[in-house]
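Protein chains: 2
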Amino acid sequence: MAAETGKDNDIREYADLTPIMKPSGVAIIGASRNPDKVGHVIMQNYIDVGYSGRLYPVNLNDEGNIMGFKAYSSISAIKRPVDLAVIAIPAKGVPKALEECGKAKVKGAIVVSGGFAEIGERQLQEELVEISRKYRMPVMGPNCLGVMDMRSRVDTLFLPTFKIDKPGIGGVSFASQSGAVGSSVLDMIAQEGFGIASFISYGNAAVVDEVDILDYLMRDKHTKVIVFYMEGVKRGKEFIEVARKVTKIKPVVIMKGGITEEGAKAASSHTASMAGSHEAYEAVFRQFGFTEAEGIGDMLNFAKILDTQPGTTGKRIAIITNGGGTGVLATDALYKNGLEIARLSKGSEAVLKKAMPPIVNVRMPLDMAGDADDVRFDKAISTISSDPNVDALMVIALFQTPGADSRVAAKLISYNAAAAKPMVVVSPGGSYTEVHKKMMESSGVPVYESPEDAARSLRALIDYYTYRGYNGKKNR
Amino acid sequence: MAAETGKDNDIREYADLTPIMKPSGVAIIGASRNPDKVGHVIMQNYIDVGYSGRLYPVNLNDEGNIMGFKAYSSISAIKRPVDLAVIAIPAKGVPKALEECGKAKVKGAIVVSGGFAEIGERQLQEELVEISRKYRMPVMGPNCLGVMDMRSRVDTLFLPTFKIDKPGIGGVSFASQSGAVGSSVLDMIAQEGFGIASFISYGNAAVVDEVDILDYLMRDKHTKVIVFYMEGVKRGKEFIEVARKVTKIKPVVIMKGGITEEGAKAASSHTASMAGSHEAYEAVFRQFGFTEAEGIGDMLNFAKILDTQPGTTGKRIAIITNGGGTGVLATDALYKNGLEIARLSKGSEAVLKKAMPPIVNVRMPLDMAGDADDVRFDKAISTISSDPNVDALMVIALFQTPGADSRVAAKLISYNAAAAKPMVVVSPGGSYTEVHKKMMESSGVPVYESPEDAARSLRALIDYYTYRGYNGKKNR
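Chains as they are written, first to last, in the numbering used here: chain A, 1 to 476; chain B, 1 to 476.
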């Protein structure tokens with residue numbers, strides 16, 4: 001038994017997140033009829049998203065019926081198996097509630113309440129750790145938003161639902177130590193239109209930490225790409241152990257908060273994280289093939305290309321555009337990112353010369369002119385994508401032009417669904433463009449606001465598959 | 001007379017853009033009842049935006065009435081003063097039409113038609129230059145979208161109106177050699193919600209070029225910030241002459257296409273521009289205090305801070321946030337951009353300690369917690385903005401949180417209207433956030449998607465005012 005061999009092993013052993021992410025019975029401790037209470041919002045979430053397991057509101061003072069569910073005065077009163085307890089009560093009552101969960105053989109807990117190490121209450125937080133260890137019950141938080149799983153329909157995010165858009169189902173799992181970064185990025189993901197597998201906000205990481213989450217998401221079959229915002233790593237050795245394995249299985253986009261000295265100080269007062277030297281982190285990230293995001297934009301941009309596109313290690317990118325100037329910018333963007341423009345084969349050139357109107361100069365970037373319609377896009381993409389001199393495609397579809405409309409978007413979607421080579425789409429614009437962008441994103445086409453973002457994302461994809469030693473075999 | 005002293009002086013002398021930008025009579029050559037024709041779309045634009053001057057459709061084959069306006073078979077048949085002729089007919093007919101304009105003493109022309117130097121028809125383009133010189137009539141284009149002026153209501157953009165959002169009135173004038181880059185960025189500006197003074201798409205720059213446009217916008221009293229996308233400069237000496245003056249009067253955000261060798265080749269086949277070495281351009285841009293944009297995002301981000309915010313040369317930035325993690329990222333972003341976090345005075349600290357609830361740790365970044373409402377934002381901003389240790393403010397308003405709503409946005413708007421120090425707002429998110437972002441942007445608050453964009457834009461502002469030798473006097 002590892003139980004006696006030290007704290008790290010202890011935690012390692014019991015921090016399986018399955019009961020938290022895929023529970024078959026959930027107790028909400030602090031559930032309330034009062035809509036201002038966090039426990040009310042969480043109940044409402046469960047009801048709204050249609051959680052299919054059993055739901056047990058727990059409230060010391062309220063044994064009647066809360067929001068249509070029979071309420072209990074304590075977890076021990078439930079008398080049925082509870083996989084997950086979500087604890088949303090003031091900090092000082094949390095240890096007692098957690099102790100009761102342990103006694104009632106609850107399999108995992110999320111403490112959303114704040115008021116622990118992040119405001120100096122380290123002792124109170126230590127009590128949670130002790131209880132978690134005693135009952136071998138993984139505890140997420142405290143000071144977190146908890147989790148959202150798109151299949152089990154668990155959703156503990158206690159944010160007003162009209163203020164945050166929730167994404168559809170996709171392959172990206174997003175873990176964020178910060179609830180603020182987590183919820184705002186989740187909202188942005190929904191706005192963009194791509195989907196997620198799960199979301200985890202883990203706060204102070206008193207028990208369940210980066211290592212557990214990375215390990216869990218590595219094994220989760222619905223997760224194709226892991227995106228991580230972290231402010232520090234508590235268990236360096238174990239982190240490296242998981243890091244060594246995970247990127248061989250799936251890509252990990254990582255954004256580290258506190259990479260500057262002052263940022264690290266801010267992180268320490270935020271989630272009580274020891275940020276450590278950025279150089280050390282960067283060295284680890286690079287060594288194990290993590291995809292490092294330098295900003296919120298990178299996180300989203302990298303996640304969607306890695307989720308939706310096949311692998312490649314080749315750097316020869318074909319640019320197909322319906323606007324000349326954007327083609328110029330795209331060419332610059334490729335070279336600034338260490339990529340290069342593809343040289344079409346003689347065969348493709350001959351086909352395109354026949355297919356394109358005389359005004360189109362058949363060269364790279366291929367400027368098909370402002371009147372290019374779905375037929376011209378189709379001809380260009382089908383010819384160029386099968387050219388052996390081309391490793392990936394950047395298609396610039398400007399929806400302001402007379403020729404581009406929903407048929408062009410539909411063509412890009414159908415090409416993308418069958419594609420053997422990676423493709424990114426660039427569509428900067430306003431409301432008409434947004435509609436088409438969302439149409440494409442929700443069908444798995446990664447769409448970017450600028451050629452710079454698209455080139456940077458292609459580079460991230462190529463770097464990842466180069467690290468993997470990708471040999472052209474199907475990877476998804 | 002300069003007329004005989006050489007081509008450059010010639011062009012310099014007559015390239016005043018006033019008749020093009022603020023015409024009192026406009027002829028549309030190629031006006032048509034057929035909605036597929038460019039001349040129809042331009043007519044419709046003029047009607048839609050409510051151009052207040054006289055409008056004269058010209059069509060060789062159609063002397064009746066076009067879209068409610070009496071049509072003419074030629075420009076000479078109009079017999080009234082025409083300031084601007086917009087020419088939208090096939091390329092080979094353009095020289096004749098332009099010659100007629102010259103004879104009829106038209107003061108300026110825009111040739112929107114393509115089919116000139118950009119496809120190798122250099123001789124045909126040279127004919128336009130000759131006619132322009134002969135009649136001392138400035139000609140914009142060919143191969144361009146033309147112009148949009150928010151006061152004169154001139155609008156020659158022949159793009160389907162449902163495909164492109166048009167911005168409101170503001171202080172940014174945006175000139176783009178590329179119609180594609182121009183129209184997509186215009187659409188993005190409208191989507192963001194900030195306004196423009198004018199838009200110029202100048203295409204092949206056969207006559208009216210970068211120098212003329214920069215010179216015109218420098219003098220235009222409605223233009224507070226110039227944003228320029230260019231693929232090359234035709235007259236280096238004259239460009240430097242204007243460059244030397246312009247940034248002492250107003251900021252110029254510049255994006256150069258064709259900065260890599262391959263990008264330059266693409267630019268050459270696009271607008272027949274000689275891109276030249278990027279090092280040379282960069283040296284000039286830096287020497288004369290231009291604000292260089294490295295991507296489409298930068299162009300928009302820099303434009304709005306320079307348009308709306310007062311000057312500063314100080315680098316001490318106060319961060320006020322309702323989400324801890326975003327505050328950590330903001331701190332990192334400051335230092336990555338060579339800025340620093342402000343240290344509050346003892347006085348401000350004391351005031352804030354009283355004003356904030358106990359859970360708020362009064363330090364920088366100031367994390368006011370997720371329940372921060374307009375009152376808490378107000379107290380923090382009013383205290384911190386008057387602290388002598390603070391040069392500028394970065395306010396992170398996450399609208400996913402329970403406390404943030406339209407009142408917080410209203411508070412930021414009213415603070416911004418009266419502010420003596422620059423402020424940027426960071427609000428990443430989806431639809432609820434977008435509504436508030438637009439509300440703020442349209443009232444002159446620069447709102448960013450990420451702390452990285454906000455810090456980068458603050459840096460651009462500080463660099464510009466440092467170049468100007470700004471001494472704290474009111475600059476707007």
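Please keep in mind that the hints were generated in silico from the structure rather than gathered at the bench. Since the model is a prediction, treat every value here as computed from it, not as a measurement. The reader is advised that the hints may include incorrect statements.
Below 30 Å or equal to it, Euclidean Cα-Cα: the simulated DSBU-like pairs (lysine-lysine) are [to be verified]:
#1 A:K354 x B:K315
#2 B:K315 x A:K92
#3 A:K265 x A:K234
#4 A:K92 x B:K92
#5 B:K92 x A:K265
#6 A:K336 x B:K315
Anything over 10 Å on all C-beta distances counts as not near chain A; from chain B, calculated [as the list claims (entries may be wrong)]:
#7 I47
#8 S52
#9 S184
#10 D220
#11 H222
#12 K265
#13 G295
#14 G347
#15 K379
#16 P388
#17 D391
#18 Y432
#19 Y467
#20 G472
Note that beta-carbon positions come from the ideal geometry of N, C-alpha and C, so glycine has one too.
Taking the hints in turn, this is what the structure says about them:
1. Pair hint K354 (chain A) plus K315 (chain B) does not hold up; C-alpha atoms about 58 Å apart against a cutoff of 30 Å.
2. For the given pair, K315 (chain B) sits about 42 Å from K92 (chain A) by alpha-carbon distance, which is inconsistent with the 30 Å threshold.
3. For the given pair, K265 (chain A) sits about 16 Å from K234 (chain A) by alpha-carbon distance, which is consistent with the 30 Å threshold.
4. This hinted pair does not check out: K92 (chain A) and K92 (chain B) have alpha carbons roughly 83 Å apart, beyond 30 Å.
5. For a cut-off of 30 Å, the pair hint linking K92 (chain B) to K265 (chain A) is broken: about 67 Å separates their Cα positions.
6. A distance of roughly 29 Å separates the Cα atoms of K336 (chain A) and K315 (chain B); the hinted pair therefore holds under the 30 Å criterion.
7. Listed as outside the interface, I47 (chain B) is consistent with that label: its C-beta sits roughly 19 Å from the nearest C-beta of chain A, beyond the 10 Å cut-off.
8. With a least beta-carbon separation of about 26 Å from chain A, S52 (chain B) lies farther than 10 Å from that chain, consistent with its non-interface assignment.
9. At roughly 4 Å, the least C-beta separation between S184 (chain B) and chain A is not larger than 10 Å, which violates its mark as non-interface.
10. Once the 10 Å rule is applied to beta carbons, D220 (chain B) is consistent with being away from chain A; the minimum gap is 23 Å.
11. Consistency note on H222 (chain B): stated as away from chain A, and its beta-carbon is indeed over 10 Å from all of that chain's, at 23 Å minimum.
12. Distance check on K265 (chain B): its Cβ comes as close as 8 Å (rounded) to a Cβ of chain A, failing to clear the 10 Å threshold; non-interface status is violated.
13. The Cβ of G295 (chain B) does not lie farther than 10 Å from every Cβ of chain A; its closest approach is about 4 Å, which violates its non-interface assignment.
14. Look at G347 (chain B): its CB is around 22 Å from the nearest CB on chain A, clear of 10 Å, so calling it non-interface holds up.
15. Distance check for K379 (chain B) against chain A: the nearest CB is about 20 Å away, which clears 10 Å, and the non-interface claim stands.
16. Every beta carbon of chain A lies more than 10 Å from that of P388 (chain B), the smallest distance being close to 20 Å; the non-interface claim holds.
17. The claim that D391 (chain B) lies off the interface holds: its Cβ sits roughly 16 Å from the closest Cβ of chain A, which is beyond the 10 Å cut-off.
18. Look at Y432 (chain B): its CB is around 5 Å from the nearest CB on chain A, not clear of 10 Å, so calling it non-interface is violated.
19. Y467 (chain B), annotated as away from the interface, keeps every beta carbon of chain A farther than 10 Å; the closest lies near 25 Å.
20. Non-interface call for G472 (chain B) relative to chain A: holds, since the shortest CB-CB distance, roughly 26 Å, exceeds 10 Å.
The structure fails hints 1, 2, 4, 5, 9, 12, 13 and 18 (numbered hints given earlier, in ascending order).
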